[in-house]
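Enquirer: Could you build the full structure based on these sequences and the hints that come with them?
Next come the chains, spelled out residue by residue.
2 protein chains.
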Amino acid sequence: MGVSKRTVELMKRYSWFADATEGRRALEEKLGADGVIDLSLGNPHVDPPREFRSALVDVVEDDPEGAHRYMSNAGFMEAREAVAEQASRDRGAEIPPECVLMMYGASGAANVVIKALVDKGDEIIVVSPHVPEYPLYVDNHGAVPVAAPADDDFLPDLDAMNRAITPNTRAVLINSPNNPTGRIYPEPVLRALCVLLQYKERDFRNAIYLISDERYRNAAYDGVKVGDVLQMHANSVVLGSFSKELAVGAERVGYMLLNPRCDYRQDLMMACATLIRTLGFVNAPAIMQRVVTKLEGVTANLDVYRENRNALCDALEKYGYKFIRPEGGFYAFVESPVSDEAMFMKLLEDEGIVAVPGSAFGRSGYFRLAFCVDPRTVERALPGLKRAIERAKD
Amino acid sequence: MGVSKRTVELMKRYSWFADATEGRRALEEKLGADGVIDLSLGNPHVDPPREFRSALVDVVEDDPEGAHRYMSNAGFMEAREAVAEQASRDRGAEIPPECVLMMYGASGAANVVIKALVDKGDEIIVVSPHVPEYPLYVDNHGAVPVAAPADDDFLPDLDAMNRAITPNTRAVLINSPNNPTGRIYPEPVLRALCVLLQYKERDFRNAIYLISDERYRNAAYDGVKVGDVLQMHANSVVLGSFSKELAVGAERVGYMLLNPRCDYRQDLMMACATLIRTLGFVNAPAIMQRVVTKLEGVTANLDVYRENRNALCDALEKYGYKFIRPEGGFYAFVESPVSDEAMFMKLLEDEGIVAVPGSAFGRSGYFRLAFCVDPRTVERALPGLKRAIERAKD
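Protein chains in written order, with the working numbering: chain Y, 46 to 439; chain G, 46 to 439.
Be a bit skeptical, because a hint or two may be false.
Any copy, or any two copies together, can satisfy a pair, since identical chains are not distinguished.
As the list claims (entries may be wrong) - No farther apart than 20 Å at their CA atoms in a straight line, the calculated lysine to aspartate or glutamate pairs in the EDC-like style are these:
1) K165 / D184
2) K50 / E168
3) K57 / D164
4) K339 / D108
5) K270 / E232
No wet-lab data here; the hints were simulated from the structure.
Since we're looking at a predicted model, the values are computed, not measured.
Expert: Below, the structure written as structure tokens:
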């Protein structure tokens with residue numbers, strides 16, 4: 046055997062990713078690269094904002110002595126201060142820089158905080174449909190991912206959550222604005238979830254962390270507000286990232302906000318700063334920490350995505366697709382017009398369109414379309430999307 | 046409980062790191078920041094080479110469309126090609142770019158390949174003394190770290206290795222030039238180790254990987270050559286990094302070379318490219334991949350460290366310390382003049398000197414001095430090192 050049994054198993058569970066890549070490659074061979082309409086990946090298409098580019102040039106030209114040496118595992122104090130200031134302003138509550146850790150993206154942050162919290166066999170609850178990697182992050186650290194199905198509106202279902210929480214539950218991992226559904230969890234839903242967690246904490250005499258992955262926080266459209274879990278639940282942690290808001294996913298700079306009111310903040314801070322090192326992350330890239338320090342409040346032009354959403358969703362409605370219009374994020378999660386979503390993926394592929402089947406997100410009978418693409422790509426996709434549903438209904 | 050029991054346990058095992066940081070902080074309070082002589086960390090002091098700076102400026106000024114978007118998990122093909130070409134030239138054997146994965150530093154690479162290879166309870170052998178994090182990397186993925194003590198010359202001891210290998214052994218992890226000892230494993234020792242692994246592979250009908258961490262490969266002094274395990278053992282993997290040779294540790298760019306002759310190369314390549322994503326690393330920072338593409342064969346001024354080694358080791362010899370003169374790397378591993386190394390650390394602290402006790406590396410009775418520092422820091426350390434051994438002998 047070349048790789049471990051567990052890895053073979055994981056590759057199977059994660060095969061949608063290879064399949065999407067493989068599907069795109071096969072399509073490219075058939076249709077040429079320009080013929081493929083790729084709506085599969087959350088790879089922001091807009092370029093970083095002008096301010097990013099000039100901050101990067103400044104940082105590179107300045108390049109003081111020691112700029113590329115290891116810093117404290119928690120990150121440069123300047124970067125932590127900038128993130129803390131921005132978060133405090135955004136949330137209307139004081140987040141001190143001591144509660145901020147600079148991280149290798151929100152995905153790195155997720156792995157670090159999960160590792161800090163779990164012993165073997167502990168449970169972490171994810172709301173399904175969920176980011177495909179969430180259960181794998183939990184499994185990486187020997188814990189058990191437990192899916193609590195969302196309700197019909199793709200919001201956390203408190204009954205399901207109530208049933209899912211056990212004395213082994215260490216954390217609930219949520220994501221709003223959501224991938225894949227585009228839902229933004231309304232403040233009352235978040236509050237109710239937090240009240241439930243506090244009851245369970247009391248019942249089980251256990252901290253139950255709320256880990257809120259807010260990497261799409263700035264991609265909230267039409268003025269819908271993203272609630273602040275830090276004010277609702279003391280044992281809470283926010284995962285953030287500049288990947289989406291600055292359109293620099295491949296530069297890997299994110300952060301973690303620990304709730305200043307968290308019972309065990311010092312322990313958690315020390316643990317995360319140590320684990321980031323022992324997991325091999327060591328620190329968020331120095332150059333990007335220096336860049337984001339200069340970019341408080343700057344975002345890429347996310348209007349493009351709102352326009353894309355409008356164009357895509359207006360058309361999907363007209364064609365007869367069923368879905369909830371995404372309020373934020375980069376994706377629409379659409380009901381498959383035929384019950385076998387794999388069959389519908391084939392119909393889309395016939396039109397040169399690559400999407401991701403709902404099963405990748407733990408919810409079959411659906412598929413995800415990414416609209417963080419060139420507006421022309423949305424436009425080019427529409428005729429194919431129309432034909433595919435027509436053929437499905439034949 | 047705030048963090049998991051396992052994390053509390055890990056923090057204890059890793060306490061030398063907090064202790065060194067804490068020790069330095071306490072000393073700084075007593076002596077002022079300038080009074081502290083920090084020989085504890087492998088944080089390269091020399092600045093990156095001129096070529097790094099100009100490549101970085103070029104990359105930032107060029108900044109083509111999509112430069113900061115996710116690329117394939119294995120990295121930009123241009124970066125993989127540049128690393129492959131350099132490795133092929135360096136090793137006198139053809140390494141195709143398909144065998145190169147761009148990684149988040151050698152530490153990230155170690156975690157990815159270990160995760161790919163192990164099922165729960167599998168064993169990975171490390172030669173002790175070893176990099177403090179090695180057993181933690183193994184433990185991260187549910188495998189068991191097994192220490193095979195080095196011989197008196199700090200070289201792999203084949204008898205100890207023979208005893209350590211069991212049917213559960215998935216890999217042997219070595220490091221040359223070595224941290225903490227500075228030894229470069231001679232080619233005959235590497236060959237003998239590889240022959241042993243091949244016998245064991247045959248006996249146990251199991252691939253046993255040799256993972257060779259060569260992050261200090263370019264820090265080999267006095268013309269000592271670092272052997273090429275890729276030519277000696279088919280099931281081998283090299284971990285490399287630009288952290289040390291370009292003095293850019295905090296930018297996190299490294300790579301993995303899979304042996305083109307490896308039995309399961311395709312599987313391992315696929316697994317590593319997938320696991321880097323599911324572990325949260327996603328990709329090596331895009332900007333640094335583009336920079337290193339332009340820097341084949343360029344290194345920082347490592348002569349400074351050779352000079353530092355000479356100045357430090359000449360003096361240590363004169364003062365009566367016992368140690369093997371490091372042939373490469375950034376460290377000298379020195380016998381404690383008193384059997385209780387912790388007591389000797391205190392004597393060093395009295396002189397304002399921070400070092401790391403041997404127990405952090407799995408070998409007590411020693412301490413490690415890092416000489417990847419400003420030459421003035423070595424100079425300033427010498428009187429204190431002299432007084433400390435004199436006091437120890439009183």
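Enquirer: Hint by hint, say whether it matches the structure.
Expert: Hints versus structure:
no. : hint        : verdict
1   : K165 / D184 : both (10 Å within a copy, 12 Å between copies)
2   : K50 / E168  : between (22 Å within a copy, 14 Å between copies)
3   : K57 / D164  : between (25 Å within a copy, 16 Å between copies)
4   : K339 / D108 : both (14 Å within a copy, 19 Å between copies)
5   : K270 / E232 : within (8 Å within a copy, 63 Å between copies)
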